[in-house]
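Protein chains in written order, with the working numbering: chain A, 1 to 610; chain B, 611 to 782.
These are computed hints drawn from the structure, not numbers from a lab. Incorrect hints may have been included.
List of simulated lysine to aspartate or glutamate pairs, EDC-like, C-alpha gap at most 16 Å [claimed, not checked]:
no., chain 1, residue 1, chain 2, residue 2
1, B, K764, A, E478
2, B, K725, A, D480
3, A, K542, B, D652
4, B, K650, A, D337
5, B, K764, B, D752
Residues of chain A placed beyond 12 Å of chain B at every Cβ, according to the derived structure [said to hold, decoys possible]:
no., residue
6, G35
7, Q85
8, R117
9, S174
10, V219
11, D236
12, Q325
13, I414
Note that this is a predicted model, so its numbers are computed, not measured. Ideal placement from N, C-alpha and C gives every residue a C-beta, glycine not left out.
One letter stands for each residue in the lines below.
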Amino acid sequence: MNRYAARIFSALALGAFALLPLAARAAGTDFVFAGRHIHFERFVDQQGGRAVAVDDSGLRAFLGQAAATIAWQPGQRYILVTTAQPLIVNFALGDRQYDAGPVTETAPFAPFLLDGRAYVPFDELVHAIGFSVKSDGAQQVLQPQLTALDVQGSDTGVKIVAHGGMPLDAKVTSAGAGKTVVTFADTASALPPSRTVDGGTVRRIDARTEGTVQHPRAVITIYSNASAGRPQPGTDDQRDFTLAFGGQQTDAQQQQQQINAPAQQAGGQTQQIHVTSVQTGSESGSTTVRIAIDGPASYEWHRLRAPDNRVWVDIHNARLGMAPQDAPVRVHQQSPDTVRVALTLPDFQTVDVEPDQSGITLTAGPQLADEGMPRSGSGTAGTPSAAAIAQTTPAPDDTWKFSPKPTPSAPAYIAANPRLIVIDPGHGGSDPGSIRGQYVEKNLTLDMAKRLRDILVKRGWQVMMTHDDDRDVAAHAESDGDELQARDDVANTNGARLFVSIHVNSFINSGPHGATVYFYKPEDYSLAQALNHRIAAHVAVKSDGIVKDKLYVLHHADCPAALVETAFISNPDDRALLASAQWRQSMAQAIADGLGDYAGPAPAQSGPGQ
Amino acid sequence: MKASRVLLLVAILIIAGILGWHFSRHSPSSGETITVYYTKDDGTSEVPWTVSVRPRSPKDTDAQRANDVALYSATQAVAGPSSDVHAIRFPAGTHVLSANVTGSTATVDLSGEVKNTASGVGGESAEFKALTWSLTALPGIDSVAVRVEGQRVKTLPGGHLELDEPLRRSDF
């Protein structure tokens, strides 16, 4: 009996030890990646797999090449890997399950701590970011995979979009009648060998891998209708590969078919959602508004303080599927993709907005709300999974987007020198601002600022420019921001009436265009509005309106200030405008007129020295 | 005889402990989700989307959980939605180094790539607006302090947005 029990105990003790993380025993290992050896130092065998430390230099080098990053710090349980796609892989210490984008997977062991370092399952990490570990006889190879091939329908035809662990190097190797062959260099296929696509232009896609383990080739054969014509290769983000076919798609394909390897790709939302009915009920002092929607939609709600007492819910990416109404609740198509349901409450009552699977219920309680209660919130409703995120956040005092006029709360600014306007040409000196070809922001802003100065001086204003040649304003800038403070100081130390900063906008792609006027402080608002009014009416550029933003030069100017982004240097049409001296003059004229609308005529010169 | 009973009891306790540990760690997903935002390429509109987070471990303290969820929210906001969505994005390679919640402020440390913001006010403010909206969608957080490679900065190089004070939704 004694011996029997001792044996059970020994076996159990051994079993218990087997479940604990094994101590490091292997002194690292090598993998071949893109023809080079990468040494992984902190690499240990684990039951059912292999683990690597998140700070291992080999892992960091590999992730760097794959344009992926990893984040973990001591004390934190989550270990997050982000790919360039982007896809986020979420490991958690002590949790065998991990999320790769929207998909939950299970690893053979949980991430663990060893000597104060976090270790993650190696093969699962590699797979999640679009690679596979393959053996080439004596060597282990980290092989990029072709992980996803989406067939997307559009108005003009069909587009095939391929994604992989590395930027794809693809060639259309043959395109005959109804058959296109695409070869992806140094990439293996992780796709099913053959897939039929229902109806439409593209009928079937075959995938296979050729070549060696170190130099594989994914070969994709696309069978299409002969009428589709010759496909056009391209890329959307420099990492993927796209192939566009002409011709019409069937409804089945319009809904976007995907051929994916596991653990990839979050879907986009394309389904049109409707607000189908809005019903109002009232019971013992509380009012209930029921908004029915026929699919998943995001929404946000806002309310205004007493005595206004308006409350509204905006349902995004939705159309009105009922007649608009004005009473007892106002229901309108607020913008092409937003339906607004609004009502005015008798008092500042409590408001509760609850989403569910078929819509949203707004309840205004009989009690009065505290001043500290949330005044806005957002979430999603109508989702099959009822992912109800009724996240509420106390609204800012100035919910400018919907009630743009913020209440000025600061004491009114009184300018020591009411005749002085300070003009700040954006950037300059060591900071060129945005550059596109021969066009440099600092030159364009200086030009427009000088034109504006000349107009204002003619109208009797005293004008100071933060700089009127191409130089830095701060004498000894110790940090980014000192330069901007130096510009504000010109206005602050001279007691200026107004401060206007002139800029040229820019964005990474060429789409956005137009002029925007920024404000931050409540007292900036009327000035921004006056400038925007003139620009919208008199300058040949799209008006993007006024926008609140915590811009350094606006915040730290004592006087009312505005920043004008005149046009986008990154947009070809806007760039042509900026290139025209006549257009720059019209912009300066509009800013001067806007300043005049805001400030009135220049005060008479009051004394000597002015 | 007595010794064997003690051993048996110890063995049973070990089994129970292992099973308890195992099942506590491998309970099915709680389905917890958070809302994160991206900025549409009009530069101002925030679009919410929902992502699931790994469930909380019973061992997590409230502080640790808050940091984990903040890190996840910030990482999602900086990465942005899938590449077919037209969103304004942080410069390529920008990632979150850490996130810590103190009181109602989440401090987010961004990697140096964020300095490559080669855009005007529109892109720059749209990036930080999405980050601010995402983190302040978490319960109890109403502002976001930004660090770049661990350093507090007034603005980005050549930038416009003020970053030396925590950002709030009302700043945009």
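ask   = Of the numbered hints stated previously, which ones are contradicted by the structure, given in increasing order?
value = As far as the earlier hints go, 5, 7, 11 are violated by this structure, in ascending order.
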